[in-house]
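Chains A and B, in that order, give the protein sequences. So in the working numbering, the last spot in the first sequence is 224, and the numbers never skip. So in the working numbering, the last spot in the second sequence is 1445, and the numbers never skip.
Hints are supplied without guarantee of correctness; some may be wrong.
[Unchecked claim] Calculated cross-link-like contacts (lysine to aspartate or glutamate; reagent style DMTMM-like; alpha-carbon spacing at most 25 Å): (1) B:Lys1259 to A:Asp181; (2) A:Lys171 to B:Asp1266; (3) B:Lys1399 to A:Asp187; (4) B:Lys1259 to A:Asp190; (5) B:Lys1267 to A:Glu21; (6) A:Lys92 to B:Glu1308; (7) B:Lys1331 to A:Asp190; (8) A:Lys197 to B:Glu1319; (9) B:Lys1267 to A:Glu11; (10) B:Lys1331 to A:Asp156; (11) A:Lys87 to B:Glu1420; (12) B:Lys1394 to A:Asp187; (13) A:Lys213 to B:Asp1326; (14) A:Lys200 to B:Asp1326; (15) A:Lys197 to B:Glu1322; (16) B:Lys1365 to A:Asp187; (17) A:Lys87 to B:Glu1308; (18) B:Lys1272 to A:Asp190; (19) A:Lys92 to B:Glu1275; (20) A:Lys213 to B:Asp1266; (21) A:Lys165 to B:Asp1395; (22) B:Lys1365 to A:Asp181; (23) B:Lys1349 to A:Glu223; (24) B:Lys1331 to A:Glu154; (25) A:Lys202 to B:Asp1326; (26) B:Lys1299 to A:Glu85; (27) A:Lys81 to B:Glu1308; (28) A:Lys202 to B:Glu1322; (29) A:Lys87 to B:Glu1319; (30) B:Lys1239 to A:Glu85; (31) A:Lys81 to B:Glu1248; (32) A:Lys171 to B:Glu1369; (33) A:Lys87 to B:Glu1301; (34) A:Lys87 to B:Glu1248; (35) A:Lys87 to B:Glu1353; (36) B:Lys1267 to A:Asp181; (37) A:Lys139 to B:Glu1301; (38) A:Lys139 to B:Asp1326.
Keep in mind that the hints were calculated from the coordinates and are not lab data.
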Amino acid sequence: MKILVIEDEKELAQNIADYLETENYLCEFAATYTQALEKINLYHYDCILLDLMLPGGNGLQLLQAIKEQNRQDGIIIISAKNAIEDKVSGLKLGADDYLAKPFHLPELSARIYSLIRRKQFNNTNIIEQKELQIDVLAKTVKVNDEVVTLTRKEFDLLLFFIGNKNRVVSKSALAEYLSGDIADMLDNHDFIYAHIKNLKKKLADAGCGNYLKTIYGSGYKWEL
Amino acid sequence: MWKLFENHIRLWLQMGIMSKLLNKPLRAFTLYALIILILSIPAYYWVVDTIWLNELDVHNKTVEGHIKDGFKKNNLSSNQITEAINVWSQIQPGVKIRQVQPFEVKKDSVYEVIRPNKYANEVGERFRGRSTYFYIQGKPYHLLVETNVEETHETVIAIAVVTILFFSLLVIGFILLNRKISTQIWRPFKNTLNQLKSFDLNSQKPIKLAVSDIEEFEELNQVLTKLIDNNIAVYNQQKQFTENASHELQTPLALLKSKIDLLLQDKNLNKKQLELITTLNTPLARVSRINKNLLLLAKIENHQYSDEQIIHLNKVLNENIEILSDYAANKQVSIENLIKETIMINGNKHLLEIMLTNLLVNAIKHNIENGMIGINYQAPVFSIYNSATNSLNKDTLFKRFISASSQSPNNGLGLSIVKEICNRYNWTINYTFTNNQHHFSITFQ
Chain A
1 MKILVIEDEK ELAQNIADYL ETENYLCEFA ATYTQALEKI NLYHYDCILL DLMLPGGNGL
61 QLLQAIKEQN RQDGIIIISA KNAIEDKVSG LKLGADDYLA KPFHLPELSA RIYSLIRRKQ
121 FNNTNIIEQK ELQIDVLAKT VKVNDEVVTL TRKEFDLLLF FIGNKNRVVS KSALAEYLSG
181 DIADMLDNHD FIYAHIKNLK KKLADAGCGN YLKTIYGSGY KWEL
Chain B
1001 MWKLFENHIR LWLQMGIMSK LLNKPLRAFT LYALIILILS IPAYYWVVDT IWLNELDVHN
1061 KTVEGHIKDG FKKNNLSSNQ ITEAINVWSQ IQPGVKIRQV QPFEVKKDSV YEVIRPNKYA
1121 NEVGERFRGR STYFYIQGKP YHLLVETNVE ETHETVIAIA VVTILFFSLL VIGFILLNRK
1181 ISTQIWRPFK NTLNQLKSFD LNSQKPIKLA VSDIEEFEEL NQVLTKLIDN NIAVYNQQKQ
1241 FTENASHELQ TPLALLKSKI DLLLQDKNLN KKQLELITTL NTPLARVSRI NKNLLLLAKI
1301 ENHQYSDEQI IHLNKVLNEN IEILSDYAAN KQVSIENLIK ETIMINGNKH LLEIMLTNLL
1361 VNAIKHNIEN GMIGINYQAP VFSIYNSATN SLNKDTLFKR FISASSQSPN NGLGLSIVKE
1421 ICNRYNWTIN YTFTNNQHHF SITFQ
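Using the sequences and the accompanying hints, generate a full structural model.
As structure tokens, this is what we get:
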């Protein structure tokens, strides 16, 4: 899978690449408007991460250029501006998602994962992992062909873990994923314990292997 | 009761002391005119009286000369003279002639006397007289010529009456002129004043002061325009600064956050180190929230989020409650939404969401164990209340970065934002502490 990271902050771009590496994503970089335009014109990507404030031009113009070529590359805007107008106009121009800086890398990874899957499997988006079967569109989970009933938050958490497979995800990243922008207003994130406990129990009860590991002191990991 | 009375007196005194600018010179002019006119009364009297007396002295002298000449020209006998003098003295009241002894002869003199006048029916009539001695056929005679003069008090009264009349005319004239001048000349000043009153630094609308042909006002207008332009520029700079600073901070914050996420993947770290790294997320989240809130405040002040729509408040509220439900449950706080009617509010959806979120998060955060939160609406007042132990400080409640609670620190921006959003839509927000509950109520208008 090829991902283009259009981001002028080189270190952040590198961090993103390092985090995504384990998922067999291949990251390429563009730090300026012209560099980005060159890469876009030459290659196709499964996903493009697009910063809006770039040296030499606005990321929205770049987005327009991509869309004019009638391409299928998934696009996620990553912006420090966090302006509602930018989000609205970005999505209107054809971006698939919008993520405001600062974000947790697991959040980005989960979104890339779900975006790529959405692009690849339009109608039958079913994730299969050993005895586990997740229908992303119907929002149902089966273990050994037996339906497991999950709450919406439990289902979302499961998808989040799958999108961050084999990587440690912190409590803080999980809270932000569940509560969105509000998360950093809350004085503790202990409320996610209950959801994780329930999710673990339901999967175990249905006969699913214990893939969701608690990493003491840091968070959780979906290990395969 | 006494205090109320005292306040009334003070207000009344202040009103008395406060006066229009033009009334000050008017008062001074009037006082000055009064003093001058009062001083003019004795001056006029002195002038009139002196002229009058001079004239009468000349008159008396003329009469005297006439009489003396008459006696000289007509060669009368001694008896005839005595006869004539007798008759004369009886008929002509103003002139007295009598024969005197030679030792009685004195120098000529002028005098004044006050005596009753039975013809004019007056008790004290003033007379100006001339006393002189002359000789007829070698015998000395004393001649007295007297003429009636206007009395002092009559003259003074007449002058005073005229003076008062003129003074009244003067004062009336002053008042009328003053009124005319104050409406005409001060018009540009009043225009400027009205413009200044309507000026709002937040609205960024520069004021246009009308050109005046009066030098002072024109100068004032120019200085004011410059001052206001400067203020707007400084204000904009300051707002821009906050916005830029927050933007600039987003990138290093993003870097920090991603580094922590990456660090957690390191398999060589021991539990203690991992724990330490994870705790970094808490202060980082706080910094990032403060930064977001500052940016948000700057944006609200900059009049962004201008698009408005009719918002279904219940829906937004329920979404918020749903998001926060597990957080509240974890803190063992129950949320009771008592709103039954549908509330439609005109405003920006994003801002309304933020307002409700901040109120809700605060209510959960500053609650007690097994506490509760109630939400209610009685048109047009929306209220949210929660169990608590101590009242918040009303004075600092909505101030930026000042925690109103003595119990817990926070970044103190949540309520400032709520207040700012309320200000923007002219909603009023109130806080009370009753029955161990924080009550926040917002009146939608």
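Earlier hints that do not hold, by number: 19, 21, 23, 36, 37
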